[in-house]
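Generate coordinates for the entire structure from the input sequences, incorporating the hints supplied.
If you're matching them up, the sequences are chains A and B in order. Using numbering that gives the first Met the number 0, the letters of the first sequence correspond one by one to residues 0 to 252. Using numbering that gives the first Met the number 0, the letters of the second sequence correspond one by one to residues 0 to 229.
One should not assume that every hint holds.
Computed, partial: chain A to chain B, Cβ under 7 Å [what the hints assert, rightly or not]:
1. 3
2. 5
3. 6
4. 7
5. 10
6. 11
7. 14
8. 15
9. 20
10. 25
11. 27
12. 33
13. 67
Source of the hints: derived by calculation from the structure; they are not laboratory data. Note that beta-carbon positions come from the ideal geometry of N, C-alpha and C, so glycine has one too.
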Amino acid sequence: MQYRNKPELQDRLAAEYALGTLRGGARLRFEAWMREDAALRRAVEAWQARLAPLAEAVPERAPPRRVWQAVERRIGAAPAAAEAGWWDSLAFWRNWGLIATGCTAALVGALALRAPQVVEVPVIRQVEVESRRMQPSYIAVLQAAGEKDDRMMFVAYAPRHSDELWVKRMELPEEPHNHSYELWGLPAKEGEPPVSLGVLPSNEKSTIKLAAAADQSLRDFPALAITVEPLGGAKGGKSSGIVVAKGHCMRFW
Amino acid sequence: MRLALLLAALATLAGAAAAADPDPRAARHALRGTLVMQGDAGVFRTCGDKGREHFLVDATGGAEITAAYRELAASPGVPVFMELVGIVVERPAGALPDRALQAERLARAERSGPGCRRVLGRIEALAIGSAPAWQVEVSPAGVTFASLEERGMLAFPPRTGEWPADGALRYEGRSETGTLSLALEPGRCRDASSGNLYPLTARVVLNGTEYRGCAFRGRSTAATGPAAAR
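Structure (structure tokens):
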């Protein structure tokens, strides 16, 4: 392959493939090339690992009502607006589908009896997994707690075996005067009190030292929240302030 | 952990090291390697099995190297491939690393790509771009355009003459597959897909279709002045 000695081009193609911007014939050619080149597969995996946290960070959005209604109409889940003819009748197409399936099965059976053939079993190729992919981590994306506000306020990330939680403020406003933001782990069991994970430094990017490795400190918390507390953090380890942001804490492995 | 402690210790020395004035007569070297930083302290390790570690002094004026590292490294302590031009200074006996690099120019910084694995050999310049991904390679053997689009790989005759002193390069080539023109201009260039930084902007016109991207010069031509690439 004449492209093999062009690692810069390979890297860009891998990036475009992972992003989904490599299309058409170029994408098909790249996939064919990837099947026979382990280094190229590793390059794609590296890009997918880089891009995965970005995909996780995108907040979930509900589709507009009109889009949902259109989907319902298409799958027949919503009543039709007007009287439908036999062409639009679900019963007609269901019966037609049964008859067509029966005919197809009979035809296939007849052909199979007339001309038995050796069926080629597809070979499943084992894909090499690159060891440099993103390490197993906990990732949390916290959105504004207000009902009509879905801004992404805060992103946190901790490798599974690390006791450092990397945090980045997105649109989290400055703390009110003489107050601090505090990060809490919310236990899965209802009624159990939130557990403080630490006071947020005021920098845009910073780290919080966890009490133990993330696997111990975060595994029991399916969600995290940020509250406004007195300067330096909640007194007695009990949250007293309002919740400004909350979100799921996910395992990424 | 060891590296973190080393870098933390180096950070305290950074101010003193940075204060040293570079000797204008000293040879400038173009070095390729990986930079690791913690805070404001960095260690630059040159490529190769016998790569040597250098205490980094960011002498670019605007802390350009430090800023590029912070932008491209996924997190502190992660190596970023760079090509730096500057003065290598021996440090006092017993100091680790035993050399310092007073880096005056950031030629290239890459978060992805072949990095130290890439042997440029006789390549004089490489221009690259995205959407769709393409590459133009300039070497004494000729000029090639490669992409995965329908055109595939096209070869054109070699260029002639010295590399212009102002750093800009113009090339026009014709073959049975068509015409290609290449214009490389000095100026900081950021690759759209990777965020990598390059010292040249590139404009390619292949059979009437324009491609814009970034470029860098090969190992043999990267250094300026009395430098010899290490």
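Structure-based check of all given hints:
1. 3: 11 Å, violated
2. 5: Status holds, d = 6 Å.
3. 6: Holds, about 4 Å.
4. 7: 5 Å, holds
5. 10: 4 Å, holds
6. 11: 4 Å, holds
7. 14: 5 Å, holds
8. 15: 5 Å, holds
9. 20: With a minimum Cβ separation of about 6 Å from chain B (threshold 7 Å), the hint on residue 20/A holds.
10. 25: With Cβ-Cβ at 4 Å, under 7 Å, it holds.
11. 27: Violated, about 9 Å.
12. 33: 11 Å, violated
13. 67: Since the shortest Cβ distance to chain B is 33 Å, the answer is violated.
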